[in-house]
Amino acid sequence: RNPHPWIEASRWIFENVPEESSVVSEMWDDRLPDNVVVAGKMQNREIYDLADVNWLSGTEEYDNSEKLEENLSLLAEADYLVLSSNRNYGVIPRLPERYPFSSQYYRLLFEGHLGFDVAYVGSRFPNLFGLYLKPDRQK
1 RNPHPWIEAS
11 RWIFENVPEE
21 SSVVSEMWDD
31 RLPDNVVVAG
41 KMQNREIYDL
51 ADVNWLSGTE
61 EYDNSEKLEE
71 NLSLLAEADY
81 LVLSSNRNYG
91 VIPRLPERYP
101 FSSQYYRLLF
111 EGHLGFDVAY
121 VGSRFPNLFG
131 LYLKPDRQK
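Going by my numbering, the final residue of the sequence shown carries number 139, and the count climbs one at a time with no gaps.
Since the hints were derived computationally from the structure, they do not count as laboratory data. Please read these numbers as outputs of a predicted model, since none were measured by experiment. Quick reminder that beta carbons are idealized off the backbone N, C-alpha and C, glycines included. Treat the hints with caution; some may be incorrect.
As the list claims (entries may be wrong) - Pairs of lysine to any residue residues, derived as SDA-like cross-links and limited to a Cα-Cα distance of at most 20 Å, are as follows:
(1) LYS41 to GLU20
(2) LYS41 to ASN16
(3) LYS67 to ILE92
(4) LYS67 to ARG87
(5) LYS41 to PRO18
(6) LYS41 to TRP6
(7) LYS67 to LYS41
(8) LYS67 to GLU97
(9) LYS67 to ASP52
(10) LYS41 to GLU19
(11) LYS67 to ARG98
(12) LYS67 to ALA78
(13) LYS67 to VAL91
(14) LYS67 to SER103
(15) LYS67 to LEU83
(16) LYS67 to ASP29
(17) LYS67 to GLN104
To be verified - Computed spacing ranges between beta-carbons, pair by pair:
(18) VAL37 to GLU69: 35 to 41 Å
(19) GLU77 to LEU131: 15 to 21 Å
(20) LEU109 to GLU8: 20 to 26 Å
(21) GLU15 to TYR62: 38 to 44 Å
(22) ARG98 to TYR120: 27 to 33 Å
(23) ALA39 to GLY115: 28 to 34 Å
Take these sequences, add in the hints, and give me the full structure.
Now the structure itself:
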């Protein structure tokens, strides 16, 4: 059985991201890297400057300029941005009337206009007798 993708991503981060780098994750998702063993030694994520952007400020809160400003400030200082799942970007763009700034952010991010390059992608799909069940991304 293969390790969870977050374990693999955490190992990649410890092997490739310099100490003291600013690593930004998304609130409401799992913060990576997690503490994991790499090359026989336990690695602690506290070697990085960790922060979280918060696009989902609670069930009653819509986008506002204050939230946008705070998140953009964090992103401007970030060396790395970690999206550990589609928990945020899978929902927010479907609610543009509620999250217009956040929806625009994800559109620009995935179009490559925010200064971040894809450095690592990990995934795991369910399988049955060797047949992998991958979601249709063509929607």
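Hint-by-hint comparison with the structure:
no.: 1; hint: LYS41 to GLU20; verdict: 18 Å, holds
no.: 2; hint: LYS41 to ASN16; verdict: 15 Å, holds
no.: 3; hint: LYS67 to ILE92; verdict: 14 Å, holds
no.: 4; hint: LYS67 to ARG87; verdict: 19 Å, holds
no.: 5; hint: LYS41 to PRO18; verdict: 16 Å, holds
no.: 6; hint: LYS41 to TRP6; verdict: 18 Å, holds
no.: 7; hint: LYS67 to LYS41; verdict: 38 Å, violated
no.: 8; hint: LYS67 to GLU97; verdict: 16 Å, holds
no.: 9; hint: LYS67 to ASP52; verdict: 12 Å, holds
no.: 10; hint: LYS41 to GLU19; verdict: 15 Å, holds
no.: 11; hint: LYS67 to ARG98; verdict: 13 Å, holds
no.: 12; hint: LYS67 to ALA78; verdict: 17 Å, holds
no.: 13; hint: LYS67 to VAL91; verdict: 18 Å, holds
no.: 14; hint: LYS67 to SER103; verdict: 13 Å, holds
no.: 15; hint: LYS67 to LEU83; verdict: 19 Å, holds
no.: 16; hint: LYS67 to ASP29; verdict: 17 Å, holds
no.: 17; hint: LYS67 to GLN104; verdict: 14 Å, holds
no.: 18; hint: VAL37 to GLU69: 35 to 41 Å; verdict: 39 Å, holds
no.: 19; hint: GLU77 to LEU131: 15 to 21 Å; verdict: 44 Å, violated
no.: 20; hint: LEU109 to GLU8: 20 to 26 Å; verdict: 22 Å, holds
no.: 21; hint: GLU15 to TYR62: 38 to 44 Å; verdict: 40 Å, holds
no.: 22; hint: ARG98 to TYR120: 27 to 33 Å; verdict: 31 Å, holds
no.: 23; hint: ALA39 to GLY115: 28 to 34 Å; verdict: 31 Å, holds
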